[in-house]
Structures are given as structure tokens and as C-alpha cells.
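**Student:** Once you've looked at the hints, dock chain B with the ligand against the given chain A.
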Amino acid sequence: MSTPLRCDLAIIGTGLAGMAAAVFASSRGLSVAQAGSTGAISYTSGVFDVLGALPAVAQGQPARPVERPFEALAELLRDEPGHPYALLDPEDIRLAFHEVMDFLREAGLPYRAGGEKNFLLPTPAGTLKHSWCVPETTLPGCEALAEGAPACIVAIEGMKGFSARQVAVNLAPYWPGLTTARVAMPGHPGGEVYPEQVARMLEVPAARRALAEALAPLVGPARVVGLPAVLGMHRPGDVAADMARLLGRAVFEIPTMPPGVPGIRLKEAFEGLLPGRGVALFCQQKLVGPLPAPGAPFRLRVTGQPVEHEVLADRVLLCSGRFLGGGLGGLRGRPITETVFGLPVAQPEDRSGWYRQDYLDPRGHEVHRAGLRVDAALRPLGPGGAPAHEGLFAAGSILAGQDWIRMKCGAGVAIATAFKAVRAMAPGR
Amino acid sequence: MRTDVLIIGAGATGTGLARDLALRGVSCVVVETGDVNSGASGGNHGLLHSGGRYVSNDTEAARECREEGALIKRLAPQCVEDCGGLFVAVAGDDERFVADYPGWCAAAGIEVCCLEPAEARAMEPVLSPKVIAAFAVPDATIDPFRLALENMAHAHALTGCTLLRRTRVTGMDVDAGRVVRVHTVNTVSGEAGTIEAAQVVSATGAWAGRVAALAGAHIPMLCSQGTLLVTHERMTRRVVNRLRPPGNGDILVPGGTVSILGTTSVTVDDPDRARPTVAEADENLRQALPMIPSLAYTRFVRAYCGVRPLISAGGGDGRAVSRGFMLYDHTDAGLSNFCSVTGGKLTTFRLMAEKTADLVCARLGVTAPCRTRTEPLPAAPACRWTEPGFAPRLWAQRHDADDPLLCECEMVPASAVDSIMNDCGQQFPDPGLQALGKRSRIGKGSCQGAFCGVRVAAHLYDTGHYTSPRGLARMREFFTERFKGQRPILWGPQLIQAELAEALHCGLLGLELGDPEAAPAAGKDEEARS
Ligand SMILES: Cc1cc2nc3c(=O)[nH]c(=O)nc-3n(C[C@H](O)[C@H](O)[C@H](O)COP(=O)(O)OP(=O)(O)OC[C@H]3O[C@@H](n4cnc5c(N)ncnc54)[C@H](O)[C@@H]3O)c2cc1C
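Heads up: the protein sequence lines correspond to chains A and B, in order.
Each residue of the first sequence is one higher than the one before, starting from 2 at the first, in the numbering used here.
Each residue of the second sequence is one higher than the one before, starting from 2 at the first, in the numbering used here.
Looking at chain B on its own, in the form it has when it is part of the complex:
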């Protein structure tokens, strides 16, 4: 395969870059080990930072967040909920920090408004009565899935830019200072392939160090895992931040119909092995209780984690490292057509993409300017199913009796599955339930996919998308993946839910009893029938 630009990684940055290049008339191919947002872009808070989080330790990153946040609110409003945010301190928190806070905000140009504690509690009744100080900032939230999907959809519409899912870059051939060939492997079939491109970009986040090494270049990465917990119901209207230096259990972010509590910071060696742990779930909660005491009785439906791609500036833990981003042109390694972009924030993905596209275009001799600063992101119909509350609203409007709800928790009807298969089906000829989960709310409700996974699979068999035992293998994969996020928060009602799920999947269906794709061919195994 040949292309002008090969982008490795389909997170916010990679997909944002694909769109930026497409707007300049440059076509590209995006390859991704997993699916859209398999990395940090699918494992974050979804907080569109006002910058208020970083004013105390990183004015530069704070300023970047402020500018980019404002731009995205204007240009991609369909992905944003402009809910506002609070920073609150409780009795016992550092009062000097409280006193310095408005000044730091001013220095970064962030609008801040001082509130009386009682006022803050009236705005967000779940706040502790022990709140001693509160500030309002222009925080917002963003749906990273919709964002990445719409970036891809727009790039595709403009230049036919394609996404190759489940395609891992495994090697690069370098000749005379150029990456002449990129080797890939299909992570499902194991099939090897090669891609030739005039320019190669790694937008692989926490994996940037590894990918750069394939071309003989070096990036000093520090991988910091952060775990977040999802509540059953939304607890606040606004983002609520603890007014103290960034730490565990400091932020509660609304995400449509739920709230997301985070986050820990644990240095890990291998971003592929990141998974949320029981200890991190407990730590987040312990830290958050002084700010929001009712979290002690709140039902959590899931935990998940992401790995922050941080650039290690020699020593220091994950918290101390700047949230600014880095663009490596790799000329120090003697390379002229390969670059890496990493670090940064979801909030600053557009700026990262712009700077990277500037470099790539300069190297290609393309002079078209960046347009993502001014051009609104078009809303793509196939991407709206990621929005919490969209499906229920539509259902209430239409109430089509012949359109059964496959996911009852989030009210996702069969027609949604059909339309996603229609619109994005070419991206997944072998539809995993996970791919559908990424593009809708399937599996996100309190049953965490236990029931809808079974119903959607039956639907896919019925509509002819599954035609072999592979569909069962896809079910196993889906339940296994959902469980990773369940395991750390299994207590109270969610523990009960999990017992019911396993009784169904294993007790009744026996899905654990072996790989369905390894079933004997017809007639071969007489024993199975005896």
C-alpha cells in the first residue's frame, strides 16, 4: 500500500492530524493497533480543560488549554457540553494555595470567579458542608469518541482518508535517512503487510517511544497510568475539581448521564498491560470523600484507565511532568521523513495536530495553511450514537414498536446497530461487539454489556453479519473487555449485577468452556455428541 502520509495511532491526535492534513488537501492512511481511541484518548476524563487545573504548576500548559478549549467549544459544539467547572477546597486543605489561586489564573488569562462556600453548595448540593473556598472556571466536557470519529469521518469525506483498524506497526525500513517502508501486522488474522509513504507520523501517545525506536530514534517516555471510576448516575451539573495541587481522586467530571471520578497516577513500564486495579479504585474514593461525602454510598458501574504520554525530563514522578506536548522531527537521528508527536492533552489535540501538519507539509512542499482553527467540525450522523441521552430522546420521539431496544440500560435500538453497520461497516467487516460499543452506548449502562452483548450478538447473527462461531468468540472478547473495568468496583449493587452476568454467560451459556472457533468440524468429533 502507498500513501502520501502514514499516521500511526488513531487517538485524538492522530485523527485530528488526519483531518488537518485533509483540509490542506493532503491524503493519508491512519493505522491503529486497536480501534479509534484505544489509547489515552479513550481512557481519560473527557474534561475540556479551562486550564484551571494547571495554573499552579504549568502556566504554559494552562494557557494552551484555555485557548484550545475556547476554540473547540466554538468549532465542535456537538462534541462539547459547556457545563462550567468549580474548584473547591475543604477544611484542612492548604489555605495559601487557595489564596494564590486567583492570581495564578489571572497570569494564565483564565476567567475565574470567587464564590461563597454556601453559593457553591447551592450550585452543587453534593459538595461537602466543609467547603471553605470555591472558584468558578470555564471548564467543559467533551466526548472524545465522537470527536475522533468525526475527525475521521471528515478526513474521509475530504480526501478518502482511511483508517486501518487492528493494524499494528511492527517495524520500519530505513534507508539513507528515510523511512522507506513500514511493516504492519493485522492483530486479528496475523497477516503481515507493508505501507510506503512519503511522510510517516507517529501519534502513538504512550507508545511513542517504542514506535520511534523502530526507526532508530529516541524519545524519553514516562508512562503514567490513571484510573477513573464511572458512577451510575450523574452527580453534579459542573465539573468539580479539588482546589489543591493535582493529586488522586481530585476531579469529578460529568459525562452526559454519568459522572467520572479520577484519577490516580502510577508509573507503568508497559502501556499495553495497563488495567485499573482495586487499589486505585479505593484510593480515588478515599481521596474524593472529603469533597463529596455521598460518594461513599454511590453506585459505580465501571472503572477504566488510560496511560498519560508524558515526556520524562529526567527523574520526577508523573505528576511533576509538564502537560505540554512535544513534536520530534527526529533529525537528530538522521531521519528526514519521520516525526513523532506526543504528550499534551486531549484539550490540546488540535494544536498538536496543527504543529505536526505544519512540519509534514513543509517536508512535502505543501503550502496550504492550517484551517482547523476556523473551520467547524461537521457533525456526522453515524457518530451521534456515542452521545449519552441521544438514543433515549430519539426513542421517546419515535417510539417505533418494530425497533426493539437491544441495550435496555441506554436504550439503544436495533436500528442504531443497523445504521452503524451501514455507515461504518467497511471499517469492520468482522464486527466485534467492541467496535459497536465504541460507536454507541452499548455496554455503558448498569448491566455493562451483560445482557445487551447477548442481544446484539443474536441480532448480528440474525442480520447475517455473524455467520460462524466467530460471533461467539466476539461475545467472549466483549465480556472479557467489559469485565476489566468491572473488577475494581465490584461491591454493593454492581457485585450483584456481576454475579447475574456471570450466571448468564458461564452458568447458562458456558462461554468459558473453550474457544468456540476451535469447535470440531462436522462429524469429526463423535464424542461431543454421545
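With the rest of the complex left out, here is chain A:
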């Protein structure tokens, strides 16, 4: 093993919480080591929700979409007092988002936040999503939807799981005058077409020209053209602007099934820029180690590669996510576990309480509310109810009391709790 890497902060996890934390920490002059698997972020849709829906509280009630997320926070916390948002000042959520948005703009991925209101945007199924902060490439769609401007949704031949007809038929009640078109991607050999392939093809001006030529006769009088999210991998704003120029009308993107292009863009943006900010980033690796004695620093190992590194850190931020991210483990006949330090997990009594009977129950499922309980500084509590270690913090979906899937608060909780945790460990910076 090489000489230990010393740092102020070790971040466990490379999902949205971990990546945002690395941005916050490096901006505040903390030295950072970070490790995690890369799947997490590329599976995100690329739109950032603060609060998109309020689950039903009682049986028989519907879940309700949220138009004004910051106003609705109070209502959420009345019904869900254990939600991580209870630990945050709403202003901090905005501040945190703006810091991440500045970073992403620098990386060529401009985002727009919605002020007091959520944006309303189409999903690939033709449902509506209420989201607070969206990539600028989706904005013309949100605006056209709000105005009811005539638009044409375009599907690409051979791209599975995206039907322009499906989007148009289901949005018709909300968006009159939607038309559809279907186009073969020029220059593609045919057969199955993956969004990532198309996005990389469209980086080249000639491919954009060819696509625009194929599209021009199909989109009719539409003022706006919607495509699955394929408008370039890097600097999608430039690709979108060029397409708009070629077509003579605004273009926008609709997120696709995971893993979609907007998620991959985020992954590439973080992985591309963080090392330049001094973050020692170990992709597809794990950070593991014991919980040290009180007062002692963390001695962790980066594992998963032939060369193992030792990391000596004063503080650790646990952003290891839930089951999909690997932060929580759920085995048969055992309680849910926290996989790195074995911290206590708040959870239903046994597996029969994890899920309700009905998949789409508007109240959501208890298993998603399981997770770590933390103190006001986001330090996970140990078995005795006191913080497990004064240098250990947690952020993101591993925190108890949220059902991000149903509340559509995943990005908000990830970014804002990471922000608060980093500020708690670097006060005044």
C-alpha cells in the first residue's frame, strides 16, 4: 500500500449528494478524498426536484402534485416531521442549489431553477413532472407547455421506450395542438438506437445538419420541437442552439428511461471537474474502514483496484445512498443494515412492513423512510442516541424519514443536506 492520503474530508459515495458535497467542500478549501460506484448518478433523470408531490397521509386519499415547493414544505413537515428537510432552512436549499448550478454552468451544463414555482415538464410516458430545477435544454418545452404553444414531439426510429405518440396522446388534455413525427437518425446503421449514441453523434455539426434536414419536412407548423434527451453529451446548450437555428424554431429535450443522457452528462461533468479542484476521486471504488474511537481520525481503505490506498481523514461524509447505491443492505431474515459502519437504521419491525400491498399506494412504502437518524449537524446517531462519532456526517437518500421516490425530493435532499453537512464541518467558510 502506498503512503496514506491525508485529507480533511473523506466522502463515501458518488451519487448526487456525494458529488455536490465534493463541490461544496472543495470550494471551502477542504481537502477531499472521494470514492463510489458510478452507476448512481447516470441513473438520475437529470432534472432536480425539491418537492414534487405530497404523498397521501391516510388510506383512500390521493397523492398530490406540488406547484409551489417552498410553500408546500410546511405542509410536508406537518405530516412528516422526521423528514430531513426539517433540519434545513429553506433558504439553504436555494443557496445549495445555486452553488451546484454555478459549478454545472462552469462544466457546460447550465440549469435553471424555478423561483417560487415548479416547472412542469413532460416525461417519456406522457405524464407530467413537477420539478424545481431543470437543464436549460428542457426549458423551451416547459415554456411551450405552459403557453400551450404548438409543438411537435419527435421519436427516433429504433429508440426503445420513447414513443412520440404516447407523449402526445397523454398530454393532449394539457397541451392542445401537439403533433408527432418519427425520424431515422441519419448516419446511423439502423436497428436499435441508444440515446447516448445519438448524443455523441450530434456533437458533430454535419450530423446536426443532416438531422435538421430530415426533420424539417416533418415538424409542420410547430413552433417548438421536442426530442428525447439526445442533444449532445458535452455543451448540450450549444447543440440545442444549433439545432434551433437549423430548424428555425426552439428545440427541447424530454428525459428518457435510465440510464439517460442527462444523467451521463452529470457524471462526466463531476468526474471531469472535481479532480481539477483537488478532489482525489476514486471511481468504481469503495471506501471502507472501522468507526474510530472518539477523538481519533478515520483510517479508511480505498478498495476495488489492485493498488489499494489508505486514507486518513478527520471527517467522513456518508453519502452511500440506499439499496441501489449500496449504502443500505436488506437481507432476508435480518434488519436493514448500514453497510459501511454498521450504524443503527430506523426501520419497520420486519420485512412484512417494508412494502404496502399495493405498489402504487399513494402513501408510499415504509421501506423508503428507513435510514439513518441524525442530529442537527447531520451526524448519524449511534446506538445510544448520541452521534456515533463527532467527525461522521451523513447526507442524501440514506437519511431516514423521506420517501424521495414518492415525494420527488431526491435532488433537493441530496444537495441541501450535503451543503448543510459541509458547512457544519467547515463553519464560517
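No lab work stands behind these hints, which were simulated from the structure alone.
Each hint can be trusted.
Straight-line alpha carbon distances no greater than 25 Å define the calculated SDA-like cross-link-like pairs of lysine to any residue that follow:
| hint | chain 1 | residue 1 | chain 2 | residue 2 |
| --- | --- | --- | --- | --- |
| 1 | A | Lys287 | A | Ala347 |
| 2 | B | Lys485 | A | Pro336 |
| 3 | A | Lys287 | B | Leu501 |
| 4 | B | Lys485 | A | Arg335 |
| 5 | B | Lys485 | A | Arg333 |
| 6 | B | Lys131 | A | Gly334 |
| 7 | B | Lys485 | A | Arg357 |
| 8 | B | Lys485 | A | Gly61 |
| 9 | B | Lys485 | A | Ala59 |
| 10 | B | Lys485 | A | Glu367 |
| 11 | B | Lys485 | A | Arg364 |
| 12 | A | Lys287 | B | Arg300 |
| 13 | B | Lys485 | A | Gln62 |
| 14 | B | Lys485 | A | Gly330 |
| 15 | B | Lys485 | A | Asp359 |
| 16 | B | Lys131 | A | Arg333 |
Simulated coverage check for chain B against chain A, where a stretch passes if three residues somewhere in it have a Cβ under 8 Å from a Cβ of chain A:
| hint | stretch |
| --- | --- |
| 17 | 276–289 |
| 18 | 467–478 |
| 19 | 507–517 |
No residue lacks a Cβ here, since even glycine has one placed at the ideal position from N, Cα and C.
**Tutor:** Just chain B with the ligand now, with coordinates in the frame of chain A:
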């Protein structure tokens, strides 16, 4: 609507009866609340019993299974995998039972071969090192979906026999000892209808008691729910049975590319409310571990349950009741054109159908003899997509780049969906994803429909089969239905898969946020746009 014979229930028995009657020149209509095999025929092990399971407590049923199993192997080989079976005992199991076993088999006429424990373990390496005895028997497996679909397809080809899906029988008008009219309701549209038939047969399995009651007749049913678990990969070549009296977690049956572990026996009041539970999943596993220890680390992709239609002979639990079948002519209730057939096994469906058809024909004055004993079941091309491994084989042969795989786990291409829609589309003018799932492997792989459900729906919109928000409602239905089977086995990798699925369906698509068919008409709801 009028027909010669109305068959209620499209399980193995009902569809088998339709074919038997068609071979005798009698035409009929089959009505089914759900779809083909919505009842026990879609919720069983798919074990084509050699009879070995029943030799210790029901020689009669064992003999029936032996004879029928042999017939089906010969006449419907496309539905059968003749894989063979083992009965094994482990240390601690009753040694008297072991010693008596070969004698019982002999009494029922079942070929049995005694193996050394080491030999059995060489044949099936997942068996516990603690195996103390093993016997080989001629067990096989059967694809009940293909069987029922081909029964229907053949009956349709012979006499135009039709299946009315999503049609529930809700009442019968009886006049002068005859059922003169049967009332139905479409379970989707709520539309009521009536059917008049010279003969009415209930082949409704666990629901036989309820349906008979509609005509004022009585059947003492005992409904016994059994839950089964599906592993991610196939674990044995053969069927593996525990050598002991029938109990929980006793059988591991290969089903093409997977294995199926079962089964529990829990008495339930209402077969409509049967669903697999966490407790039953755990119990099956706990019981099976001594026989196959690696099940502790095996990935399960799904659980499901069926309700055994048992005839309660007063008292006793589900295990004690005979697996023989019963044909009620209902003359004791003063009825002359209504009968019910229930009980029995999937393995004995043909015999049940034969005996029932004999009665129906006698009442109709038809003298044509039964031909299902000799006539092979024709393989229908539209039904082959239910076969595990068929789609991947075809894909490897053709590898048509312009035919995208909609279901990546089971390699079901868009052309399969198109051909099912073509061949069976008249049966489902309003295609639910479930109907496609029944007729193919869509939704059966490790993602359990999470991804292919979205892709198939998009394809159906693209090909013009879905033209309204109803397609979204069908997606919701499909995911809800798949989840019933997921819930009991959500741990380890499948829990991770489920989190990803819900992140897609609810997190991204917001499918839980309301009924898409209740969307406001254009322009009505200004709020939604603000
Ligand atoms: C857990 C389990 C495991 C089993 N394993 C095996 C095995 O490995 N091998 C084997 O040979 N047998 C097995 N069996 C037994 C076998 O599954 C059944 O005996 C057989 O499938 C019964 O078929 P059926 O057609 O008579 O009834 P079902 O398949 O139950 O068909 C009845 C149909 O009637 C319909 N219906 C009910 N009421 C109405 C109404 N009012 N109007 C219209 N339609 C109606 C239902 O929807 C249903 O589709 C098992 C059973 C269970 C429960």
C-alpha cells in the same frame, strides 16, 4: 348470445374441455373472468406428476397422475420437458417413510429406481451432503400457459370455439330444472350480457362452489392457497422432491430457465383475494434449506400463488384432502343441464375434461367418442413465445438488427409482440400488457417487467394499439400485478431491482399520482397548465 355448450373458466380444465368437445364436433363458448389460466392453472408448479408425490397417502390420485402424465408426454410433447425427478430424504427425515416408499410406488404402478446418495448428488450437485436416500421417478414439467393456449387454439380451429376474456358469470336463471340463461358482466367495461346454452359447465376450480350456488347447487369447497417462489436461474436438471409426506417447501421444479420452489398450504375464504405473503415465502425457504442449502444465497425474482380447488370431506386441512377430482351432475339439486368439474390436478386435466365431456355429450345426445386420448395436441405458432429460451434461440439464429428487443431479460423482440397481437389480437381488442405477458416471457425476467413494461407500452402506442390514456392505465395495472409477486421476496439483489423500478415508475414517470384515464378534457383544467 347462444351456444351449444357454455364453459365457465379458462384454466387447464375449461380449455381442455373445449378441445375435447370440439374433437367430438360440439361447439362451445368459454367465458373467463380474467384471462387464460387466471386461476390455479396459472399459479402452480408446472409439475407433470409421475404420481410419486401421492403414493403415500392417495394411491388412486397417484395412479391417475401416472397414466395421464404418460399420455401428455406423448401427445403434447411441445408443452413438456421430460426432465425426470428425484425424491430425496436428508438426515433427520423419517426412515420408515423412506423404507416404505418403493413399495407404495409399486402399488401405484410407478417406475421407481433406488439411487445411492452419492449418485443423486452427482446428478444434482445442489443437493445437501446430508442426503440419506434418493429415488428416481418419471416426473416431468409442463408449461401450463402453452397447454391452455394450444387447447383453445385447437378448439377454435376445429369448431370456431371462442374465448370471452374478462367476462364474469354473475347469475343464472333456472326454470323447470334447467339453466335457461347465464348472466355475465364485462369486468373492464361493466357491461352486462346474457348467454343461452343447451349445456352449462362450470370448470371454475376454486370458484366452483360459488358458481354452483348461482344455480342453487352445492359443492363443499375447501380453498387452499399455495405460494411458490421463482429463482433467478435454474438450479437442477430434474424435479427434486423431499421424500416425506407432502409439506411446505418440499419441491423444486425446473421451469425452463428458472426453478420454482413450493409450496405452502393455507386455507383461505376467498380465492379472489389470494396473494403470496412474506411469511409464506420465508416458510418455503426455511423448509427447503435442509434439502438444498444454497437456496439461502439464491436470488429469487418473484413469488406467486394459486388456490387449490379441494373438495372438503368434512374437517381436515388442505394437505389431508384427496387430489382426486369430482364431477357433479347436480341432479341432486334438480338440474338437468348444468354440471361442475373441480378438484384434481393440472396433470389430470385431460381426464377431467374427458369425463365431463362424456356427461355433456350424453345429455346432448352426441355419441362421438373422446379423442384426446389418441389425438396429438397441435403446436400453435402463436403459443411458442411462452417457452423459456425460445426467444433467445430465435434471436441468436436471426439476429435481425431492425427488430429491437423490448424485453431484454428474456430477449423478447418487437416482432414477437406484433405477431401475438396479430394472432390473438381479436381476443384482446384493448391489449393489456398482462395479456401479452401471459402469451410470452415479457415481465418474467429479473427486472420483472419494470423496464420492458415501459418499452412494450411505447411500442403499442407507436403501432397504434394504444391511442388514449388507457395505455397508461394498462401500464399501472401491469406493474401493480407484477409487484404482487415481488413483494414477498424483496431482499438482496431483488430489493435493489425493485428500488430502481419504483424510481422509474413513480420517481420519474409519476404513475402513482392518479388515474390517467381521469385526466381532464382538453382546455377544461386551466390549473394543470399553470
Ligand atoms: C400452489 C399449487 C401448486 C400446484 N402444483 C401442481 C403441479 O405441480 N402439478 C399439477 O398437476 N397440479 C398442480 N396443482 C393443481 C392444479 O394447478 C389445478 O388442479 C388445476 O390447475 C386446476 O385447473 P382448473 O382449470 O380446474 O381450475 P383453474 O385453473 O382455477 O380455472 C378456473 C377458472 O375459472 C375462472 N372463473 C372463476 N369464477 C368465474 C366466473 N364466475 N365467471 C367466469 N370465470 C370464472 C377463474 O378465473 C379461473 O381462471 C397445483 C395447485 C396449486 C394451487
